[in-house]
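Participant: Model the full structure from these sequences, guided by the hints.
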Amino acid sequence: MTRRQFVMGVAPSMTVMLGLLTVPLLTTMLWSFQRVEYGGAGQWVGFANYSAVFRDPQFLRSVRFSIGFALVHTALLLVLGYGLALLMNRVRHGRTVFLGILLLTYVVPSIISATMFSWLFDDNFGGLVNYLIKLAGGQPVRWFTGTWPNRGLVLLESVWAGLPFFMLVFLGALQGVSTEQIEAAFMDGANWWQRQRFVVIPAIGPMFRFLALIAVSSALGIFDALVALSPNARTVGTQSVSLYVYETAFANEQRNLGLGSAVNVLMLLV
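Straight run, no breaks: the sequence shown in the UniProt record's numbering ends on number 270.
Certain hints may be false.
Said to hold, decoys possible - Here are the in silico distance ranges between beta carbons for each label pair:
(1) Thr179 to Leu18: 41 to 49 Å
(2) Ser178 to Asn232: 29 to 37 Å
(3) Leu80 to Leu132: 16 to 24 Å
Since the hints were made in silico from the structure, they are not lab data.
Ideal Cβ positions, reconstructed from N, Cα and C, are used throughout, including at glycine.
Facilitator: And the structure:
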């Protein structure tokens, strides 16, 4: 295949892909400097949208929640995923079946899995968790209206949904670690923790960084789980930046596309 044939072959698909990326991006950047109403032409307002965003206390609260959620979410996924991978690496029989069961969460769309997860805590659908708490002599927890219970619920669902993938990636990385290095460290008197700290973890360090990037990105963009688990996210204190953009641009009566576009541009810059 000549260079000209290669260029002619990939040019149509590259043109379509670049168009699908650049046109929405440029439109969003343009709208961020305009006041845009549905069905009408935008009115130029300069940096007024950006100024309004930083003056909105709700936006600042959503930023704080998103950052805090991303930090805890990432730490839990890395620690639990690595721990489960260590355990699974010792399993010799039935590993494929167990991994298949864990990965079932990826078959179901995230909004559906989050909704089904919420039924365990929703008293309108039986509320199994609160039922067990009452059996143990405790008081029912306001999972959907209490600030910290709802944050814990969202965090629990996000970790539950993402943990199988992280465990599977860590498991593949562990199987690529040289057993000779581990055995040499053992012969030198290194205990289990020292072998993990000085041999295994440095060997799969790039995988830790890769998964941390994925975890932070998914946490900062959390949306589906909040729709199902936090119907009162704005008042409860679990509104993410993505949910703020949606409610600003589409859900509120004002439907301020310009303000929502300004937030999107800020997210891209970050």
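Participant: Each hint needs a verdict: does it hold in this structure or not?
Facilitator: Hint check results:
Under the hint 41 to 49 Å, the C-beta atoms of threonine 179 and leucine 18, about 46 Å apart, fit the expected range. In this structure the hint that serine 178 and asparagine 232 lie 29 to 37 Å apart at CB is violated, the actual value being about 52 Å. At roughly 22 Å, the beta carbons of leucine 80 and leucine 132 sit within the given window of 16 to 24 Å.
The earlier numbered hint that this structure contradicts is number 2, and it is the only one.
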